[in-house]
Structures are given as C-alpha cells and as structure tokens.
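Chains A and B supply the protein sequences, listed in that same order.
If you're matching positions, the first sequence starts at 0 in the working numbering and goes up one per residue.
If you're matching positions, the second sequence starts at 476 in the working numbering and goes up one per residue.
Note that these hints are calculated values from the structure, not bench results.
Fair warning: there could be bad hints in the mix.
To be verified - Within a straight-line C-alpha distance of at most 20 angstroms, the following computed SDA-like cross-link-like pairs (lysine to any residue) qualify:
| id | chain 1 | residue 1 | chain 2 | residue 2 |
| --- | --- | --- | --- | --- |
| 1 | A | K17 | B | L814 |
| 2 | B | K528 | B | L584 |
| 3 | B | K588 | B | G544 |
| 4 | B | K861 | A | R34 |
| 5 | B | K803 | A | N70 |
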Amino acid sequence: MANIISDETIEYVGILAKLELSGEEKEQAKKDMGRMLDYIDKLNELDTTGVEPMSHVFQIQNVFREDVVTNGDDSENMLKNAPQEKDRMFVVPPTRD
Amino acid sequence: MEILAWSAVELAAKIKQKEVTVKEAVEAVFSRIEKKEKDLNCYVTLDQEGALKRAEEVQKKIEDGTLTGKLAGVPVAVKDNMCTEGMRTTCSSKILSDFIPTFSSEAVLNLEKAGAVIIGKTNMDEFAMGSTTETSAYGETKNPWNEAHVPGGSSGGSAAAVAAGECFFALGSDTGGSIRQPASFCGVVGMKPTYGTVSRYGLIAYGSSLDQIGPLTKNVTDCAAVMEMIASHDTKDSTSIKREDTDFTSVLTEDVKGLKIGIPRDYFGEGLDIEVKESVLAAAKALREKGALVEEFDLSLVEYAIPAYYTIASAEASSNLERFDGVKYGYRTKQYEGLHNMYKKTRSEGFGAEVKRRIMLGSFVLSSGYYDAYYLKALRTKALIKKAFDEAFTKYDMILGPVAPTTAPELGKSLSDPLKMYLGDIYTISVNLAGLPGISIPCGTDQKGLPIGLQLIGDCFSEKKLFQAAYAYEKIRGEFVLPANRKGGE
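Please take these sequences and the hints and turn them into a complete structure.
This is how it looks when you write it as structure tokens:
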C-alpha cells in the first residue's frame, strides 16, 4: 500500500508541528513521510488483537511526592537565557489582536 | 610516561599513588585535543580553564582523603545533550546555540561527586536524531580510525573522543543504539543500561520512554566503574528505579562456565556484512571454548522493531521538542508577525532537516484519526517484542549478536537515504523498546582496519552478567589497541 500524502495533510501536520516549511521542503516532506508510512505499514502484518499497548516496560505506578519546594529562586540566571526580557519577565509578541 | 595510554581506572590508581597529578592528566588530554581536534571535531564546547581549576580542587580532596573513588581525578567528556551548570549545552542544534543551563543533570552531578573532571561537551547528531553525527549543526565528527569515515551516532563525539585519547571516558545517551553503535564504530566499550538505572534528570529528552544515559570507555573495567558511579535512584526522574545491585565491578572475573548464551538466527541473515558476521561468531566460539553454553535460536519479530521504534520515538520527540519555541531560552527568529509566526519561524530556522522530519512524522502519527492505526499499533508491537525477549530469557542468560550490520560508513554516504540509515539500527533498537541492558565490546577489525563490535543483551537488571561475560571475552580477545594508545597518538 503506497501512502500518498496530500498538500492538505502536510499543511495540517505543519500546524501541529509548529513548523513553516518552504515549498521545496514541503515536497520533500511529502515524499519522506509517505515512504516512512509505507515502511511503518509493515506493522499491519502483525495480529495485535487483544494486545494492550505498552507505554512503559515496567509495571510501575504513578510516582507521588509531597509538593515541597527544594530549590531556590534562580530566576535571574534563568532570565539570562531569555531571547528577550524586561523587568524580570520574558518578553513575547502580542498573543491577541 | 604515556598517560593517555592508561585506562580511566588505571589513571585514578596512579593519581592515588602520586605517580601523576590530576593537573598532569588534564594537561595531557588537552595537548592531545590541541593536536587532533582540528581534524576530528569531537567537541562542541571545551573548558580548559575550568578543568584546570577543578583539577586543583580534586587533587586536594584526593590528598586529604575526601575523594577515594575508582575514578577520582579522571578527565571526562559529556555528550552535549546533558545539562551542565554554567557550561553551554547545545544538543548540537542551532536552536540551543547559546543555552547555558542553570543546573546539572543528575548523571553529571554523580560524576562530579566522584571527583571526575569535566573537560567539555561532545558533538552528537542534532537532538540525538541520527546514526552518524553528521546531523550536528556544528560540523561532523570524524572517526579516529579513519577520518574518511563517520564515528557513528548519535554519541559519535563521545566515542571518537575516547578512541582518540581526547578524554579518558565519556557519557553518552542511547535511545535506539546511540551509545552502542558509535562504540562499535570507534572500537570502544559502550553500555546502555536497563531503563531507569541512570537518572534522566537534566538529559534533554528525545524519546523519553527509550532514552538512557550510559558510559563509553576504553575497556570493560572502566565501563563497570563508571556505571557504579552514575547508577542512582533519583526522585526527580519518576521513571528512576531503586537498585541495590550496582556494585558492578565486583563481578569482573574470567569465569563464564555454564553461562547460557543464545544467538538469534534472525540477527545473522540478509544485510549483515560477512566480515562482521565472522568476527562476531568467532567471539561466540571463544566464549564457548571457555565453558559457556552457546546455541542458536529464533528470537522472532526482529523486522518489526524499526518501524515500531520510529513511530514511538518520533511521536515522543514531536511532543518533547514542543518546548523549543523561542520564549524562555535558545534561538528566536529575528523577524516575525505575532506569536504563532514567531514560534513557527523560530523552530523552522532553529531545527535541522532530520529533526524536522521526525517532528513531522511524530505529529502525524499522534494526530486524531491516525493515533490508533500508527501510535497504538506501535505500542502493541512493543509489547510483543518485549514478550519475545522475555521468552528468550527464560532459556538464556544473555543474547549475543552484532551491534551493527556493517562497520563505519564513509562520511557523506548516509543522510541522502534516511530509511536506509534507519535500517542500520536493526540490532540495537529492540533493546530500547524492551528496556533491556546491552553492551558493545570491540571484537576485531575489518579489512579496511575499521573496528567491529560485539553486542551482549541481557534481561532487565542483569548488567552484572553482561559485565562478567564482557570482561571474560575481553581477556580472551587480548589487547585492542585504540588510536589513543598508538605511540604519539598518530
């Protein structure tokens, strides 16, 4: 089964992935994704009826701990990594019109 | 005095016996770096000044008896996806080109506690996505055995640095073979521990359910010593496991009598290079002659591991890499209109082609309408693969096979066909899916003089058995001379 990836699909996945691809990149992405999905379709040869999806290899339960602060205030150093900061805050573009 | 020819454990012993100082060891490493780094490009960031300062502190603590560990004073390199406080951490990506972490990863803290001296951050495939270290935004690393070849990946800088004597040992991370495969290509020892053995806190995530940190070393003894140091239970990593059996160096004996070793027939079929095959089977024969019980069996499902892996790893990557959005750290695009355009442009300019390819695939397999057919199908396949291993380990103490189907490919030959490159992970990838430990040990060289790696795979928590067999094999094999140990390092 050959997977043909449409322009709409690539647009949609680009939105989900928060990536802006150039025209050339889109064409390449269509080819790459189609080819990978053809390959992944090999999994359909396996009968997995009744098999539980395994997200973790060990039977571990959720790990809880008390919600206690153990680290100090390091905001000054953290803000040094900010692309843009002002008055000890991260600066971002307007989030609404 | 050939300092660089010593293993990490030997160096620490000689420091303790006052035959050499920590400073001399650090200087020896940096003089090698000065000579070789221009050609090899093992490192993204080096910190000579910091390392020399740290060397003095460590020396004092060794002399006053505060530091007594097996690796106190030894210069170490850390893969550039582990956070190091105050030292740039890039993941070999443009998007983190100026990121200075405010904290260190737990594995790095454990190294520091034991008195190791961090000299720099090693090159890797961008965000650990690749098998050749060619997807790095900071140039490719070259294989010290032959500079026309890749060192493997994604921990290629770590493997090459150890082989070339640009450090005494290194940390890497392994999501689908990223420690074992470059170890194999560079002729060093590399271990991917049981999932949960080494804390992932501060390791920049790629595929969280598969990622594990582990050592790349000159020999098996060093590997066990480093594992003792970095294995720890950490409440900051909710998948961290409390283990009592981490005295890994206690099992380094040559006794393999009665050890049951299974060789999967499915690992020796089509696609396996004949020289690799013969070398790995010769290693199995050598273990049999020492009293191990070696037999062939059918593991099954081997060809389903790669499609399951790329579905799961890409899905997790697409989620994990959402955080790189140009707001709190890292690169931000120069020109943008509004928030969403800023996100998109930042990410599109900051990520390389392979990273974008996996984020796109991951976003697709997690999208509504495809989630069941792709993502859940892969997780179901993972359960079947785990079961196949469980069955094998009812019969065998460990599984023996190659690390990779070939020796290191030439530079520039892999990236044009990603699917073909992914197929090179066939023997390593299922180990991550099943959370198992695996070790890579050099077992020979091919006609081109490139190293071949032997892989031993154990059941969960059976690192000790792996170390025992690996150590015994290493003794049978005899010395394996690394480029680092050749006279003058040439």
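Status of the hints after comparison with the structure:
1. For the proposed pair A:K17 and B:L814, the alpha carbon gap of about 11 angstroms is at most 20 angstroms, so the pair holds.
2. Of the pairs offered as hints, the one joining B:K528 and B:L584 holds, with about 17 angstroms between alpha carbons and a cut-off of 20 angstroms not exceeded.
3. Simply put, B:K588 and B:G544 have alpha-carbon atoms about 9 angstroms apart, close enough for the 20 angstroms limit, and the pair holds.
4. Taken as a hint, the B:K861 and A:R34 pair is broken in the structure, with Cα atoms around 27 angstroms apart against an allowance of 20 angstroms.
5. Restraint check for B:K803 and A:N70: the C-alpha separation of about 19 angstroms stays at or below 20 angstroms, so the hint holds.
When the structure is compared with the earlier hints, a violation turns up for hint 4 alone.
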